[in-house]
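My request is simple: use the sequences and hints to build the entire structure.
Spelled out from the first residue to the last, the chains are:
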Amino acid sequence: MTGQLPIIVILGPLLAAILAAFTAWLRPKLSYPLVVLGLAISFTAALKLVFIVADEGAKIYWLGNWGNQNHEFVVGIQITVDNLNTLLLTTVSGIALLTALYAKRLVETELAGRQRYFYALLSLLVTGLLGISITGDIFNLYVFLEIAALSSYALIAYGKGRAYMASFNYLIMGTMGACLYLLGVGFVFIKHGTLNIDNLSGIIPTLDPSQALFVGFVLILLGVWVKMAFFPFHGWLPNAYTHAPTASAAVLAPLATKVAVYAMLRIMFTVYSLDYINGLTGIQPIVLYLSTAAIVMGSFFSLTQTNLKMIACYFIISEIGYMVGGAWLANRPGLTGAMYHLVADAAMTSALFMAIGCIVYRLGQAQLDDLKGVFFKMPVTMAAFVVTMAALIGVPPTCGFFSKWYLIQGAAEAGVWHFVAALLLSSLVKAIILFRIIEIGYNRVAHPAIEGNPAIPRNEAPLSMLIPTVAMTLGLIALGLATNTLVNTIIVNAVPAALTQ
Amino acid sequence: MENLIANFNYVIVVILMMIGLWSMLAQKNLIKKCIGMAILQTGIILFFISIGAKNNALIPILTEAAYSDPDVATVANPLTQILMLTAIVVGVATLGVGLGLAQKIYHQHSSFDEDEILENQRK
Numbered sequence: 001m002t003g004q005l006p007i008i009v010i011l012g013p014l015l016a017a018i019l020a021a022f023t024a025w026l027r028p029k030l031s032y033p034l035v036v037l038g039l040a041i042s043f044t045a046a047l048k049l050v051f052i053v054a055d056e057g058a059k060i061y062w063l064g065n066w067g068n069q070n071h072e073f074v075v076g077i078q079i080t081v082d083n084l085n086t087l088l089l090t091t092v093s094g095i096a097l098l099t100a101l102y103a104k105r106l107v108e109t110e111l112a113g114r115q116r117y118f119y120a121l122l123s124l125l126v127t128g129l130l131g132i133s134i135t136g137d138i139f140n141l142y143v144f145l146e147i148a149a150l151s152s153y154a155l156i157a158y159g160k161g162r163a164y165m166a167s168f169n170y171l172i173m174g175t176m177g178a179c180l181y182l183l184g185v186g187f188v189f190i191k192h193g194t195l196n197i198d199n200l201s202g203i204i205p206t207l208d209p210s211q212a213l214f215v216g217f218v219l220i221l222l223g224v225w226v227k228m229a230f231f232p233f234h235g236w237l238p239n240a241y242t243h244a245p246t247a248s249a250a251v252l253a254p255l256a257t258k259v260a261v262y263a264m265l266r267i268m269f270t271v272y273s274l275d276y277i278n279g280l281t282g283i284q285p286i287v288l289y290l291s292t293a294a295i296v297m298g299s300f301f302s303l304t305q306t307n308l309k310m311i312a313c314y315f316i317i318s319e320i321g322y323m324v325g326g327a328w329l330a331n332r333p334g335l336t337g338a339m340y341h342l343v344a345d346a347a348m349t350s351a352l353f354m355a356i357g358c359i360v361y362r363l364g365q366a367q368l369d370d371l372k373g374v375f376f377k378m379p380v381t382m383a384a385f386v387v388t389m390a391a392l393i394g395v396p397p398t399c400g401f402f403s404k405w406y407l408i409q410g411a412a413e414a415g416v417w418h419f420v421a422a423l424l425l426s427s428l429v430k431a432i433i434l435f436r437i438i439e440i441g442y443n444r445v446a447h448p449a450i451e452g453n454p455a456i457p458r459n460e461a462p463l464s465m466l467i468p469t470v471a472m473t474l475g476l477i478a479l480g481l482a483t484n485t486l487v488n489t490i491i492v493n494a495v496p497a498a499l500t501q
Numbered sequence: 502m503e504n505l506i507a508n509f510n511y512v513i514v515v516i517l518m519m520i521g522l523w524s525m526l527a528q529k530n531l532i533k534k535c536i537g538m539a540i541l542q543t544g545i546i547l548f549f550i551s552i553g554a555k556n557n558a559l560i561p562i563l564t565e566a567a568y569s570d571p572d573v574a575t576v577a578n579p580l581t582q583i584l585m586l587t588a589i590v591v592g593v594a595t596l597g598v599g600l601g602l603a604q605k606i607y608h609q610h611s612s613f614d615e616d617e618i619l620e621n622q623r624k
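So the sequence lines, in the order shown, correspond to chains A and B.
In terms of this note's numbering, the first sequence opens at residue 1 and continues consecutively.
In terms of this note's numbering, the second sequence opens at residue 502 and continues consecutively.
FYI, nobody ran anything at the bench for these hints, they're computed from the structure.
Bear in mind the structure is a predicted one, so any value in this text is a computation, not a measurement.
Here a beta-carbon is modelled for each residue, glycine too, at the ideal position from N, C-alpha and C.
The reader is advised that the hints may include incorrect statements.
Said to hold, decoys possible - Covered stretches of chain B (in silico footprint by chain A; criterion: 3 or more residues with CB under 8 angstroms from a CB of chain A, positions within the stretch not fixed): (1) 544 to 552; (2) 585 to 595; (3) 602 to 615.
Said to hold, decoys possible - Quick list of simulated restraints, FRET-style, between CB atoms: (4) I286(A) <-> L619(B): 29 to 35 angstroms; (5) I286(A) <-> V515(B): 23 to 29 angstroms; (6) L463(A) <-> G597(B): 37 to 43 angstroms.
Right, here's the structure in full:
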């Protein structure tokens with residue numbers, strides 16, 4: 001049974017998506033419990049795999065048992081669970097499960113009458129994301145990339161008003177990214193004749209560096225950068241996630257971009273190698289400058305926005321800068337920071353969008369001016385929101401502090417001071433935004449505790465939304481407290497071995 | 502020059518991809534963007550098929566007699582063809598979603614022109 005766990009992780013949501021699509025047609029009420037069940041199965045399997053992999057090392061699963069014949073080159077598709085992706089698998093399936101529980105009320109009100117296929121699409125999206133994280137084959141990764149992308153176009157297009165146009169722009173950009181990735185895969189395939197990641201990582205170091213290898217690397221990198229909204233290619237993200245229904249944004253925003261970052265890490269350090277990255281002395285500084293630019297631009301634009309969702313979207317863009325920069329520092333603390341931040345940022349963005357979703361549910365929209373008195377109306381939601389923002393700023397003992405700590409340490413070790421400055425600047429900007437929201441939420445109304453002022457009735461979000469939000473927020477603190485265990489038992493084994501000695 | 506003529510299919514790949522990328526980025530009409538997307542994908546499909554093609558090669562079906570010692574020089578590479586079969590499916594699905602969205606946008610704004618739509622959205 002444990003041998004089958006890796007495939008169960010993706011089969012759960014995939015089967016749930018197919019069944020939910022059919023039942024949505026016949027019995028719409030059934031599709032929601034089906035999807036929750038599928039996600040729960042996937043989460044349980046992923047959680048179990050974390051412990052198994054931490055004890056026994058990487059688990060390899062061959063689809064249809066096609067890899068066990070004695071050929072020199074493998075013919076089947078491989079699924080790999082190792083220390084680099086166990087945490088991500090758990091995070092993706094866990095956040096998806098929690099968001100599915102959280103989204104029910106939101107979907108009922110926001111998409112009233114149109115929610116029939118929503119859960120099937122959500123489940124399909126999660127299948128794609130889990131597939132990207134688990135696959136051991138670079139072409140298979142492309143297929144899952146497109147499964148996730150296609151379902152996210154549809155999920156975004158569920159929104160009102162500008163959502164169609166935002167989704168269309170995302171489709172054009174996303175397809176361009178996927179095509180670049182596919183072309184890069186073609187170059188890698190010409191040179192090596194295999195698509196299997198383990199085979200490739202064995203072959204590439206033995207070959208002399210060649211143009212084809214380099215062009216393939218750059219094309220794949222450009223492709224995943226478009227998918228993760230890295231700085232020059234970020235144009236599609238803010239509109240798409242702002243105009244998407246809040247329920248879709250709550251699952252897309254934390255997961256979709258992070259999984260693309262994981263794909264980049266996998267390509268950089270497993271398919272290609274640390275030595276190869278260190279050999280690219282011309283590109284490394286450019287990417288680091290781009291990451292700095294991503295953080296600075298993301299922070300700057302988040303200051304100019306007046307919509308809470310838009311602000312959160314620009315936060316995502318600057319957080320992507322953290323991870324790409326951390327990965328390209330290519331030293332131990334930098335990489336540890338990037339890998340830890342994958343999990344931490346997914347959790348933080350999820351908590352942020354859940355809190356924003358609660359606010360939108362009660363206030364109807366999330367313009368900053370509408371937030372007057374919101375701290376009195378929704379104290380629990382806003383407490384969660386403040387803790388989440390503290391995590392994003394990097395206040396200990398939340399997880400945001402530790403990832404930033406590792407990243408700054410890595411940047412200082414590599415002597416990349418502009419990256420350190422950008423990290424600190426981004427914290428500062430987030431603090432400014434938090435205090436601006438506190439100022440609007442508290443001070444722009446007559447304080448109800450003072451006699452003579454009108455009382456502000458409490459109007460908290462429904463419990464079915466509040467509990468997941470609070471749970472996620474507490475999770476941020478728990479993740480921060482568990483940093484030491486995570487880094488020393490799992491992430492240390494995921495960092496390339498050359499760095500840990 | 503001779504090299505270019507001998508590999509003229511790769512030249513066509515580059516031309517197709519450039520046309521596709523250009524019309525995705527520079528065209529204002531949403532339908533033309535979708536067409537550009539299809540052209541870009543066709544370019545990539547041609548690229549992969551060119552990789553796997555061989556002179557005078559047969560279709561890649563392994564007979565039982567040749568199983569133990571197949572003569573790889575006489576059969577085309579099956580893997581690239583399989584990959585492109587998948588890529589075609591993905592391409593069709595993407596094009597379908599794209600055209601569906603374009604149709605919804607047309608219902609909303611009575612126009613396929615990007616500038617007019619943006620103008621409409623500002624109102």
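Against the structure, the hints:
Residue count for the stretch 544 to 552 of chain B with a Cβ under 8 angstroms from a Cβ of chain A: 4. That meets the three needed, and the coverage hint holds. Counting residues of the stretch 585 to 595 of chain B whose CB lies closer than 8 angstroms to any CB of chain A gives 5, which reaches the minimum of 3, so the coverage claim holds. With 5 residues having a Cβ less than 8 angstroms from any Cβ of chain A, the stretch 602 to 615 of chain B passes the three-residue criterion, so the hint holds. Between I286(A) and L619(B) the C-beta distance comes to about 32 angstroms, which sits within the given range of 29 to 35 angstroms.
The beta-carbon spacing between I286(A) and V515(B), approximately 25 angstroms, falls within the hinted interval of 23 to 29 angstroms. At roughly 40 angstroms, the beta carbons of L463(A) and G597(B) sit within the given window of 37 to 43 angstroms.
Checked against the numbered hints given earlier, this structure breaks none of them.
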